[in-house]
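Number of protein chains: 2
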Amino acid sequence: MADNKKLVEAITSMDEDFAKWYTDIVKNADLIDYSGVKGCMIIRPYGYALWENIQNVLDGMFKATGHCNVYMPMFIPESLLNKEKEHVAGFAPEVAWVTHGGSEELAERLCVRPTSETLFCDHYANIIKSYRDLPKLYNQWCSVVRWEKTTRPFLRSREFLWQEGHTMHATAEEAHEETIKMLGVYADFSKRYLAMPVIMGRKTDIEKFAGALATYSIEALMHDGKSLQAGTSHNFGTGFAKAFDIQYLDKENKLQYCHQTSWGVSTRIIGAVIMVHGDNSGLVLPPYIAPTQLVIVPIAQHKEGVVEKATELYNSLKEKFRVELDVSENSAGWKFSQHEMRGIPVRLEIGPKDIENGQCVLVRRDTREKLFVKLENLEQTISELLESIHNSLYEKALARRADMTYEAKTLEELSTIGAEKNGFFKAMWCGNRECEEKIKEVADMTSRNIPFDEEPITDKCICCGKPADKLVYWGKAY
Amino acid sequence: MADNKKLVEAITSMDEDFAKWYTDIVKNADLIDYSGVKGCMIIRPYGYALWENIQNVLDGMFKATGHCNVYMPMFIPESLLNKEKEHVAGFAPEVAWVTHGGSEELAERLCVRPTSETLFCDHYANIIKSYRDLPKLYNQWCSVVRWEKTTRPFLRSREFLWQEGHTMHATAEEAHEETIKMLGVYADFSKRYLAMPVIMGRKTDIEKFAGALATYSIEALMHDGKSLQAGTSHNFGTGFAKAFDIQYLDKENKLQYCHQTSWGVSTRIIGAVIMVHGDNSGLVLPPYIAPTQLVIVPIAQHKEGVVEKATELYNSLKEKFRVELDVSENSAGWKFSQHEMRGIPVRLEIGPKDIENGQCVLVRRDTREKLFVKLENLEQTISELLESIHNSLYEKALARRADMTYEAKTLEELSTIGAEKNGFFKAMWCGNRECEEKIKEVADMTSRNIPFDEEPITDKCICCGKPADKLVYWGKAY
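One line per chain: the protein sequences are A and B, in this order. Residues in the first sequence are numbered consecutively from 31, following the working numbering. Residues in the second sequence are numbered consecutively from 31, following the working numbering.
If you are wondering where the hints come from, they were derived from the structure by calculation, not from laboratory data. A few of these clues could be false.
It does not matter which identical chain is meant; a pair holds if it fits inside one copy or across any two.
[Stated by the list, open to error] Computed list of lysine to aspartate or glutamate pairs in EDC-like fashion (alpha-carbon distance at most 20 Å, straight line): (1) 159 to 60; (2) 93 to 82; (3) 93 to 354; (4) 439 to 484; (5) 68 to 108; (6) 350 to 414; (7) 93 to 356; (8) 281 to 359.
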C-alpha cells in the first residue's frame with residue numbers, strides 16, 4: 031500500500047499545476063523518457079504502441095482515399111530549400127545544419143528536413159509530364175527536425191514523428207477538394223478513434239503555413255482551456271510548382287502548372303489525447319487506440335483456480351481485444367493504480383467468489399463505474415463497453431468544450447473574458463491583417479481558425495467596427 | 031509495339047553488364063529515383079510498398095518473439111558516440127555532423143545516427159535497475175546515415191531505412207541465445223518470404239561489427255556470383271554495458287553488468303531480392319512480399335463483356351490477394367512487358383473466348399509458363415500457384431548457389447578458381463588474423479562467414495598449413 035500511495039502521489043494535480051501534471055503523466059505512464067540529446071525525447075514502448083495504433087488507422091484511411099507511401103531523403107541541400115522564398119523564410123531560422131560528412135566539409139550545407147515540400151517538388155518536377163500522370167497522391171511517414179528553443183514532450187520537440195502528405199493535381203478545384211478532404215479525414219479520425227471533438231476551419235493569413243495559399247486546421251480544446259492545433263492541411267496553389275517548374279501537358283497539349291497540397295499529423299496528437307481525456311489518476315486512453323484495451327487482474331490470486339480462470343479468460347479474449355493479464359506479485363491496489371495511471375480503458379477483476387457465481391467485475395477507467403457481468407457473452411459485453419466508453423469520452427469532451435466556449439461582441443469584452451478564463455472565444459473579424467494583429471496584442475490570444483459552417487455572431491469586426499463576415503475562434507495555444 | 035520494344039530495350043542484359051542491368055531495373059521498375067541529394071535515393075511507391083511488406087512480416091516476427099518498438103532520437107552527441115572506443119573508431123569516419131541549429135553554432139556537435147547502440151545504452155542505463163527489469167527486448171524502425179563515398183541504390187546509400195534491435199540480458203547465455211535466435215528469424219524470413227537461401231554463420235574478428243564480441247550474418251549469393259550480407263546479429267557481451275555503466279541488482283542483491291545484443295536488416299535486402307531472382311526482362315518478385323501478386327489483363331477489351339468479366343474477377347480476388355486490374359489503353363503487349371518489368375508473379379489474361387469457355391490464362395512471371403485454368407476454384411488455383419512459384423524460386427536460387435559454390439584445399443587453388451569465377455569459396459582457416467589478411471590479399475576476396483553445421487574439408491589452414499577447424503565461406507562482396 032505504501033508503494034501504491036507513492037505511485038499516486040507522483041502526479042501533480044491538474045488544478046494545481048497543469049503543465050506539471052502533464053509532464054508527470056508522460057513520464058509516469060512510461061510514454062517517454064528524456065534523452066541525452068537536448069530537446070529530443072525517447073518514445074518508450076507504451077508511447078510508441080500508441081503511435082503505432084494511430085499510424086495504422088490513419089495509414090488505412092490514406093490508402094482508402096487513394097494515397098500511397100514513399101520515402102524521401104532526410105536532407106535538403108540549402109539551394110533547394112531556398113527555391114521558394116516564403117517557405118525558406120519560414121523555416122530557415124529553425125533548421126539543423128549538416129556541414130561535415132566524416133572529416134570533410136561539405137561543398138553545400140544540408141539541412142535536416144523540417145518538412146519536405148521542396149524534396150517532393152524536386153521529385154515531382156522529374157516524374158510529372160502529362161495530365162495522365164495526375165493526380166499524384168503521396169504520403170510519407172518519417173521524423174522531422176525543428177530547432178525549437180523551449181520543448182515539451184510530444185507538444186514541441188526538436189525531433190518529432192509525423193506523416194506528411196504531398197499531392198499534385200491538374201486543376202485548382204481538385205487541389206482545393208483534396209485539401210478539404212484530408213482535413214475531413216483528420217477530423218473523422220479524431221472523432222472516431224481519439225474521441226476528440228475538433229473545430230475544422232481555415233487559418234488566417236498570419237497563421238498560415240510558409241508558402242501556402244490557404245491553410246486549414248483542426249483545433250481541439252485541452253482540459254486547461256488552451257487550444258491545440260492537431261492537424262493541418264495546406265493548399266499551395268501553383269506557388270511551389272512555379273518555383274520548381276512542375277508543369278504537365280494538358281489534353282490540348284498545352285503546358286500547365288500543377289496545383290499542390292500538403293497535410294500532416296504528428297506525435298503532437300498524443301499530447302492532445304493526454305490533455306483532452308486525462309485526469310488526476312493519470313492517462314485515460316480512448317479504447318480504439320489504447321495499446322491495451324483491457325487488463326485482467328485476478329483477485330486473491332493465491333487461491334486455487336483463480337490464476338487459471340484469469341488465464342483462460344485472457345486466452346479467449348486476446349483474439350478479439352488487446353489484453354494484458356497481470357499476475358505479477360504486486361498487490362491488487364498497486365495494480366489498480368498502475369493500470370489507471372496507464373489509462374487502460376477497462377479493468378477486469380476476477381476472484382474466487384466471482385468464479386463461483388460465473389461472473390466478473392468490469393471497471394471503467396473513465397468513470398470508475400463497477401459492473402458485475404456474467405461470463406457468458408463476455409466478448410460482446412466488453413465490445414459494447416468499449417464503444418460506450420469511447421462515446422462517453424467524446425460527449426464529455428464536447429460538453430466541456432461547449433462550457434468553455436465564449437462569445438465576444440467587442441474587443442473589450444474579449445479582453446475581459448480572456449483575462450479571466452481560458453477557452454475558445456468566438457468573435458467577428460473583418461479580414462484585415464492590422465485588426466488581427468491588434469486583437470492578438472490587446473486580448474493576448476491568437477486566431478485559431480475560421481470555422482466551416484458556423485453562424486456569424488454580429489456583422490461587425492470587433493476591432494475596427496467595419497462590416498465583417500468572418501467568425502473566428504480565438505484562444506491561447508500550445 | 032514500338033513502345034513495347036522500347037521498354038524492353040531499356041534494360042541492359044545481365045550477362046553484358048550486371049551492374050548496369052541492376053540500375054536499369056531499379057529505375058525502370060519504378061522502385062527508386064535519384065534525388066538532388068548526392069548519395070541519397072527516393073524510394074518510390076512501388077519500392078516502398080515492397081519495404082512495407084517486408085516490414086510487416088518482420089515486425090510480426092519480432093513481436094511474436096517478445097520484442098517491442100521504441101523510437102530514439104536521430105542525433106548522437108559527440109561525447110556519447112565517443113564512450114565506447116572501438117565503436118567510435120568504426121563509425122566516426124563516416125558520420126554526418128550537425129554543427130548549427132538555426133543560425134547558432136551548437137556547443138557540441140551532433141552526429142546523425144549511423145546506428146543507435148550508444149543511444150540505447152544511455153537509455154538502458156537509466157531504466158534498468160534490477161533483474162526484474164530484464165530482459166529488455168527493444169526494436170526500432172528508422173533511417174540511418176553513413177557518409178559513403180560510392181553509392182548504389184538499396185545496396186549502399188548515404189541514408190537508408192532499417193530496423194535495429196537492441197536487447198539487454200542478465201546472463202551471457204541469454205545474450206548468446208538471443209543473438210542466434212534473431213539470426214534464425216532473419217534466415218527463416220529470407221527463406222519463407224524472400225525465397226532466398228542464406229548461409230548462417232559467424233563473422234571473423236576482422237569482419238565483425240565495431241565494438242562487438244561476436245557478429246553473425248546471413249549471406250546470400252547474387253546472380254553474378256557476388257555475395258551480399260543480408261542481415262547481421264551481434265553479441266556485445268558486457269563491452270558497452272561497462273562503458274555506459276549499465277548494471278542491475280541480481281537476486282542476491284549484487285551488482286552485475288548487463289549482456290547485450292543488436293541485430294539489423296535494411297532496405298539493402300531489396301537489392302538482394304532483385305539480384306537473386308531478377309532476369310533480363312526485369313524484376314521477378316517472390317509472391318509473399320510482392321506489392322502486386324496478380325495483375326489482370328483483359329484481352330480484346332473493347333469487346334462486349336470483357337472488361338466487365340475482368341472487373342468481376344478483380345472484385346472477387348482482391349479480398350484474398352494483392353491484385354491490380356489493368357484496363358488502361360495500352361496494348362496488351364505493352365502491358366505484358368510492363369508488368370514483367372515490375373516482376374508481378376502472376377498475370378491473368380481473360381478474353382472473349384476464355385469467357386465462353388469459363389476459363390482464363392495464368393502466366394507465371396518466373397518461368398513464363400501458360401496455364402489454362404477453369405474459373406471455378408480460381409482462388410485456390412492462384413493460392414497454389416503462388417506457393418509453387420515461391421518454392422520454385424527458392425529451389426532455383428538454391429541450385430544456382432550449389433553450382434557456384436567451390437571448394438579449395440590450397441591458397442593457390444583458391445586464387446586460381448577465384449580469378450576465373452565468382453561464387454562462394456569454401457576453404458579451411460586456422461583462425462589467425464595474419465592468415466585471413468594474406469588470403470584476402472592473395473585471392474582478392476573476403477571471408478563471408480564461418481557457417482554453422484558444415485563439415486570441414488580438410489584439417490589444415492590453406493594459408494599456413496597449421497591445424498584448422500574453421501571452414502570459411504569466402505567471396506567477393508557487395
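- How do residue 93 and residue 356 come out at 20 Å by Cα distance, when the copy is not named: within, between, both, or neither? between (37 Å within a copy, 19 Å between copies)
- Task: Measure nothing new, just compare the shortest in-copy and cross-copy C-alpha distances for residue 93 and residue 354 to 20 Å and report within, between, both or neither.
- Result: between (30 Å within a copy, 15 Å between copies)
- Query: Checking residue 93 and residue 82: alpha-carbon separation at most 20 Å within a copy, between copies, both or neither?
  - Reply: Both, since 16 Å and 13 Å are each at most 20 Å.
- Item | 20 Å Cα threshold - placement of residue 60 relative to residue 159 | between (49 Å within a copy, 15 Å between copies)
- Message: I want to check one pair: residue 439 and residue 484. Are their C-alpha atoms no more than 20 Å apart within a copy, between two copies, both, or neither?
- Response: within (16 Å within a copy, 85 Å between copies)
- Query: For the identical chains here, do residue 281 and residue 359 meet the 20 Å Cα criterion within one copy, between copies, both, or neither?
  - Reply: between (72 Å within a copy, 15 Å between copies)
- Task: Up to 20 Å between alpha-carbons, please classify residue 68 paired with residue 108: within, between, both or neither.
- Result: The answer is between: 13 Å across copies meets 20 Å, while 24 Å in one copy does not.
- Between the shortest in-copy and the shortest cross-copy C-alpha distance, which are at most 20 Å for residue 350 and residue 414: within, between, both, or neither? Within. Shortest intra-copy distance 13 Å satisfies the 20 Å Cα cut-off; inter-copy 29 Å does not.
Checked against the numbered hints given earlier, the structure satisfies every one of them.
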